[in-house]
Amino acid sequence: MRAPILALLFAACAFNFDSPSQVKDRRILGMSADPPELAKGAVPADVTLRALIVDVGDGGVVNYAWSSCAVPPTPNANAVAECPDGGVTFASGVASVGELLETVPVPPTVRALLGAGGRGLSVQWQIQLSIDSDAGELVGVKTVTLTPDPVAGQALNTNPVMSGLTFDGQDWPADMPLSINFDSCSDSMRVTMMMGRRKTLGPCTHTLAPVFDAGEAQTYQGTDSTGAALTKVELLNFDWFSDEGTLQSATTRQQNPMGVSLRPTGDLSNTWDEPTTKTDGATFWVVVRDSRGGESWLHRTLVFP
Amino acid sequence: VLLVALAQAASAYEGAGLTHEQAVDAGAAPQLTKAPVLLDFVQAAYPPEAADAGEGADVAMTLELDAQGHVASVEITKSGGAAFDEAAKAAVLQFRFSPAELDGKPAAVRIAYVYHFKLVTPAPPEPQAADAPPPPPPVNLKGRVLERGTREAVAGASIWLPKSEQSAEADADGRFELRGVPAGTVHIVVTDPHHLKFETDEEVTANDVTDLTAWMLRKLGGGYETTVVGERNEKDVSHHVLEKEELSTVPGTFGDPLRVLQSLPGMAKPPLLSGALLVRGSNPQDTQVLIDGVPIPLLYHFGSGPSVISPSYIDQIDFFPGAYGARYGRAIAGIVDVTTGGPTPTGIHGQANIDLLNAGFYVETPLGHDARFGTLSLAARHSIVDFVLPFAQGIIAARSRGTSIAVLPSYWDYQARYTLGLGHARLELSAFGSNDQLKISEAGTTTTQPFSLTNEQGFHRFRLKVSEVTDGWTMWIAPTAGVTLNTADFGDNGTLGRNSIDLNVRSLARKQLLPWLTFEAGLDVNAGWYDNSFTTTPAATPDDPMPAPVSRDQRVNLSSYALYSEVVFQPIERLRIIPGLRFEVYRLPHSTVPSFEPRISARFTVNDRVTLKAASGLYREAPLASQLDPNTGNPYLGLAMSEQTAGGVEVRILPKLSLDVQGYFNARSNLVVSSSALVERDGQMVFERLNNSGIGRAYGLEVLLKQDVTERMYGWIAYTLSRSEQLDPATQTWVPVTYDETHILTVVASYKFQFGIEAGLRFQLVTGMPQTPVLGSTFNANTGNYVPIYGAPNSVRAPTFNQLDLRVEKIWTFDWWKFSLYLDVQNVYNASNPALTIYDYRYRQSTPLNGLPIIPSLGVKGVF
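Just so you know, the protein sequences line up as chains L and G, in that order.
Residue numbering for the first sequence follows my numbering, beginning at 140 and increasing consecutively.
Residue numbering for the second sequence follows my numbering, beginning at 62 and increasing consecutively.
One thing to keep in mind: the hints can contain errors.
[Unchecked claim] Covered stretches of chain L, going by a simulated chain G footprint (3 or more residues, C-beta under 8 Å):
hint, region
1, 167-177
2, 203-213
3, 276-286
4, 423-435
Since the hints were derived computationally from the structure, they do not count as laboratory data.
Being a predicted model, the structure only gives us computed values, none of them experimental.
Idealized CB from N, CA, C, for every residue including glycine.
Build out the structure end to end from the sequences listed, making use of the hints.
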């Protein structure tokens, strides 16, 4: 039938959903474990957990609860298993919105698995964080990588680190807000918008970029598409968030030639359009992940005088 | 004084009625191998009052001939008046025909017959002979009577010259001759009961021959028909057959015969942008799609586009929604068998068509006089959207900012057949195939590189069939070889391939051993050698900055060998019992599995109007080759199974109006379902991915009220009440499957108006498909994505689907060809029909994804 082809060719689907990069209410943007990987022969007594909780405005306080469980692994990397009975709660309380910090002892089942070693994985360790919000309970899950059969000589995974952020090519220090004049830029620095056939100039746009040492990227033993052993290099993903204005990309990635979908160019910078009406400023968060369970984040503040 | 003119019996067997009977694949149903010939003609008594009044008439009748050729009954279908009717009926009841034969054995048939009553002036008394009779006057008027548009001979047409009161009758080739026609302007009248009267004035001379071609325009539809008495597929309980006219003009199908399947009972409406055949709530792969008995991998271009076989090449579609006989197998749901070809062409015929998306042609011709060197038919079609689309996309790209994606689909298909009669035997060579190509390219952005994808899929099949009817046996064998191609090229990223070499052999032998016992046995072999491969360029590593491409070939061999047998046991005339057994051996990657599949069906004719029917059977099917791939599926999967039972009643309410009601129950087991379990395989703990633990069931009621094709209209109302469920292992409760649709109502009607205008409508009302609600989401910190939290599986439904389609066609008939212009409008009142729910990144916001909007399609077609 012709109809589906027509639909395929000409139909345009546009949904007015919020962008993932827009922080409009309380959210968990990141959860990290330190160390992010536990291996046979290298099992610490505790693991340090961090969570990045953000909100609009002052943020206020948040009720939180940490729990954990050991569950069978899932074949789908993006799936999370459901902790039986919600898992074992090991910490709870009230804290200010921002970064939560907690430590958790490694459970006996995980120690037993890693102690036995061997190939294959029968259990994964899942850390769960529940917080309250206006929209109800928010749940984030962090899976700690377990390696019962570590490769000899290979360092365990560590969380990737960003040393900073640049704003229009200039270093953006963490200790003080960046102050810029609202809507003050040349026409070449503005967004061009189409109003029918007529071009109009939109808000000022700025370039943001993460600063990190690419030389610190870890190598590790993995497999290629055929299952053959292969030494790989970590490829980092950067998730971008702001509470005002518009970020062009929600994620920028290091180049991965193996991907069969739209491949990143390796350009990790992002652009940010100022809000259409003046605000007090904007807060930015960038979360970096190494696709192996390691992650970290930073945040920066911008003010319009 | 009177004389009765007879419409030749031979002409009564020509026409559309035979078309679908002759085209039946020898494996499926009886073939009319010998038409009845009128042996003893009895002249009717001309009603005296009518003779005195100088009146004539035509009486059209349907004659029911028994297996010995006697006229068993007469039904007047078009009255010529009470006196003429009575006289014609009295005479016809004394006719004797040679027995008609189905598959080489005498059989009862029904034919149409027209008795012409025509007054002619008695011939003057013979002059007294002198020494020798005078020579007959020379032929000075001759001609041929042909049908406009088709150029078919109008055999039996009457040629009448009122002035000289001379008459003649067209022979089987439509030819006639008249001698001694007085010179001058002659008024000629040509009549035939199924054509409009043709009149002309011609100049005739005494010594020259005037040649006339009389082009007669056929009246609305109708025509002579021969209908095989009884069921064409009398063995099957759940079976729907559609005639050619019903296949090509159903609104909403854009003239695509295979789209009509979606309007039959037992067939669920597929999801948005899908052309999947969902029989009684089953998965698409549970229904076999065959062309002339040969399995094909896809029925529609791009999965839901036009069907892969040219509409004009299709002669008939048999749809078995379940409980089918032992002749078919490897499907735990239904069977769709497309029969191609038709009767032996009497001349060069064909058609060409073009619309917004594709163009195609069909041509058939006999080779040599009376097809002594066989017959040849060819069809091909190519998309034209690939020529049009770049312009549209160029305009879109020029007006858009940022990235632009170009999508370029193209497709083509072909069919060819050569047949040759060799005495009792028949040789048939055929080839058919299809190719779809989809190119997607994206120019890239600051954060993404340029991207291209070329996906190509298609198949090619080459089939030889040798059949013979001798000594009461009908036998044939048909080996088929082919390839199936499915490749994806991701530019410099790599390639994917899933190709196969396919072999199929079918054969059949059938004979009526005793008057109450017919035996049939057959062989059905199907083998596929699948090659699943991919090539990719790995990432640069510290050890290898320029890695070579890596590739993997995974072969999966899947074959099955079946022998089947069934007998038609008829202990009494009204009862037929058909037990059958199919024994099939499946060769899977890690096992060889025998399968005994007993089946039985029965039909009991209560009276002329009512038939009861019931059937039951066991059915199995192998997993898909992709499911047996050790890298993506589970090579240890076994056979899925269904136990099907159906029963119902057929009621012939009126000669052209029938009602078919049947209920069914299917118990399905060993279904392939996904699994997240870890299993040990070759010393490694791996995810099982798939296993055979699925259990399902389906039950329902199907109703078909059908108005058969008549002179002016056809149509049907199909209603299905069904439930298809699968056992949820977590809760041990039955939940509706994804394709479960409780109520499916389809109304189809088409009507022929005057002036070659035909209009039709299709209306569908279908319960929305089940959906699993999303209750919330969990943030997966390892990926940064949100994972949905689902509610009870398939516990809510999409809104009810409703849609009206219209089709209007205007046909212009010329002497040598016909031209038609049609407008097919899908979703006339632009119903939104939400089909899916789209969520935002964290499953809080949602919006419905609506069905296809109103879509008009305009096309033209020429038939010669």
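| Among the hints numbered above, which are violated by the structure, and what are their numbers in rising order? | none
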